[in-house]
Amino acid sequence: MRKEILRLLEKNSRLTAAEIAAMIGSDEETVANEIKAMESEKIICGYHALVDWDKIEHERVTALIGLKISPVRGEGFDRISTRISKFEEVKSVFLMSGASHDLILTIEGDSLKDISHFVYEKIAPMDTVVSTATFFVLKKYKDHYIDLTEGHGDDNRIQIMP
Amino acid sequence: MKSVNKTVLDMKPSGIRKFFDIVSEMPDAISLGVGEPDFDTPWHVVDEGIYSLERGKTYYTSNSGLMELRQEICSWYERKYNVSYNAATEAIITVGGSEGIDLALRAMLNPGDEVIIPEPSYVSYVPCVSLAGGKPVTIDLKNENKFKLTEEELASHITDKTKVLILSYPNNPTGAIMTKEDLEPIAKLAIKHDLYVISDEIYSELTYTEEPHCSIASLPGMIERTIVINGFSKAFAMTGWRLGYALAPSSIAKLMVKIHQFCIMCAPTTSQYAAIEALRNGDKDIENMRKSYDERRRYLIKRLSDIGMPAFEPEGAFYIFPSIERFGMTSDEFATRLLESQKLAVVPGNAFGQSGEGFVRISYAYSIDQLREALDRIAIFAHIQD
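The listed protein sequences derive, respectively, from chains A and B. The opening residue of the first sequence carries number 3 in this note's numbering; numbering runs sequentially from there. The opening residue of the second sequence carries number 395 in this note's numbering; numbering runs sequentially from there.
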């Protein structure tokens, strides 16, 4: 049941416990309790709106930053990753397989300058960071399974059909 | 001017048309009236269609359709429903399931032959029988039987002129299914009275029971008298590709191909290439879509019962068929008033035959957000009526 609840919430976090219960054939109280439990167990870590900032007059820049790290004996990449995670500007931190980068960060800022500044002021000088590569996002086509391109998701079906 | 065709002249216009006209002039109306999936065709299937065009596959195929596709269809039917038809002589690729119904009727009927059509049912069977020169004999199915066809109902409509029975389960508009146990007595009667069965199984992949769909062709003695109609529209969300198929004993299939080659030539080539991909690698797509439909189905059952519009639990297709008895209106009145007061369109049940009077068809090929909004409107409407 947890899997079913999570699958539904991951796609649409605004579903109520009563709705989820109806959809999976359970009752409201059971579902509400499961959700609460998963929240306190940090299985559900938060609820967010997926915003297309391009649609409002607001400058916002997203960048992916690739980092090469020289790992430290006994702690691998954990210590540096935790330190980087503490910065408010950092949206996500992933440890990667493959040779080109060890960590990939996503960073959001108000301008290109903001982000570059943050990278060379805060990230690049850190002890074990060997090199950085910054990739600015120019346009988002799809995010969190949602197609963000113009006109997508419109219901173009004939409204009444036998 | 000389007179035109009398059969066509006498055909009643579809009861749905009127609503369609009103809704299309109401820009802020929402609808639960669609008859097709809300999912896009899975991308790997679309991609295969595009790729076939890039490779220059822009020509006719053989009349019966690509052999490769017919083989995939036959092994699909064997794998899923335990029925084996011969790809070379018993399979025809058609322009949607609708063409298959027309071909089968035209291939079999002589003037005056009777065709039994259990209703409520999809709207094309009666006109297609008339156009093929047959006589439609409808059976009014009952809500208390969950709109299944019973042995008694069938037996009491068979005459010495009866030639064909049209079965369409999972059913549009009721959402009813017929299990193996339900079909067995029907098959026995068909054999006893030497009837052909046209089994329209277009919704066969959309069932919500433990047991998968049962094709009547899989029952003993039935494959030689059953024409299976199916297609890609519902299972793979491919309505606009216009691709279906018919599986029939070779003596009938041969005649169907004859009509098809003169009237249609062949089904769209691009769609046929895409369909091969759908059958080979589409199991997971179907599973995901079925899961979504099932969630919405349960949600609707709950909401409608809370509102006081009871419906038997539909186990197939993507429709629910609640009774509107308590409102003391005809289906037409109910649908018209709901549209006028709440700007919500549903399809009146009598559009699918007289026995659909007192019901409306609600489609759940919509997102939960759309369904929530629509059901809120129905709840307000019901509250105003009380």
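Derived from the structure by calculation, the hints contain no laboratory data. Be a bit skeptical, because a hint or two may be false.
[Stated by the list, open to error] Below 30 Å or equal to it, Euclidean Cα-Cα: the simulated DSSO-like pairs (lysine-lysine) are: (1) B/K474 to A/K5; (2) B/K737 to A/K13; (3) B/K678 to A/K13; (4) A/K144 to B/K696; (5) A/K144 to B/K474; (6) A/K115 to A/K93; (7) B/K474 to A/K38; (8) B/K737 to A/K5; (9) B/K678 to A/K142; (10) A/K142 to B/K542; (11) A/K70 to A/K115; (12) B/K678 to A/K5.
[Said to hold, decoys possible] Distance ranges between label pairs, derived from CB positions: (13) A/E123 to B/F433: 15 to 23 Å; (14) A/M3 to B/M659: 47 to 55 Å; (15) B/T573 to A/G27: 48 to 56 Å; (16) A/M3 to B/E546: 38 to 46 Å.
Glycine included, C-beta positions come from ideal geometry on N, C-alpha and C.
Status of each hint after checking the structure:
1. In summary, the hint linking B/K474 to A/K5 is supported, as the alpha carbons are separated by about 27 Å, within the 30 Å threshold.
2. About 28 Å separates the Cα atoms of B/K737 and A/K13, which keeps this hinted pair within 30 Å; it holds.
3. Between B/K678 and A/K13 the alpha-carbon distance is near 18 Å, which keeps this suggested pair within the 30 Å criterion.
4. For the hint pairing A/K144 with B/K696, the CA-to-CA distance comes to about 34 Å; that exceeds 30 Å, so the pair is violated.
5. Restraint check for A/K144 and B/K474: not satisfied, since their Cα atoms lie roughly 35 Å apart, outside the 30 Å limit.
6. Distance hint between A/K115 and A/K93 is fulfilled; the C-alpha atoms sit about 17 Å from each other, no more than 30 Å.
7. For the hint linking B/K474 to A/K38, the alpha-carbon distance of about 41 Å lies beyond 30 Å, and the restraint is violated.
8. For a cut-off of 30 Å, the pair hint linking B/K737 to A/K5 is broken: about 37 Å separates their Cα positions.
9. With a C-alpha separation of about 27 Å, the suggested pair B/K678 and A/K142 falls inside the 30 Å cut-off, and the hint holds.
10. For the hint linking A/K142 to B/K542, the alpha-carbon distance of about 50 Å lies beyond 30 Å, and the restraint is violated.
11. Between A/K70 and A/K115, the direct Cα distance comes to roughly 22 Å. Compliance with the 30 Å bound is thereby established for this hinted pair.
12. Proximity of B/K678 to A/K5 is assessed by CA-CA distance (about 18 Å); at most 30 Å being required, the pair is judged to hold.
13. A/E123 and B/F433 have their C-beta atoms about 47 Å apart, which leaves the hinted 15 to 23 Å range violated.
14. As the Cβ distance of A/M3 to B/M659 is approximately 53 Å, the hint placing it in 47 to 55 Å holds.
15. The given range of 48 to 56 Å is broken by B/T573 and A/G27, whose C-beta atoms sit roughly 20 Å from each other.
16. Between A/M3 and B/E546 the beta carbons are some 42 Å apart, a value that agrees with the proposed interval 38 to 46 Å.
Checked against the numbered hints above, the structure violates hints 4, 5, 7, 8, 10, 13 and 15; every other hint is satisfied.
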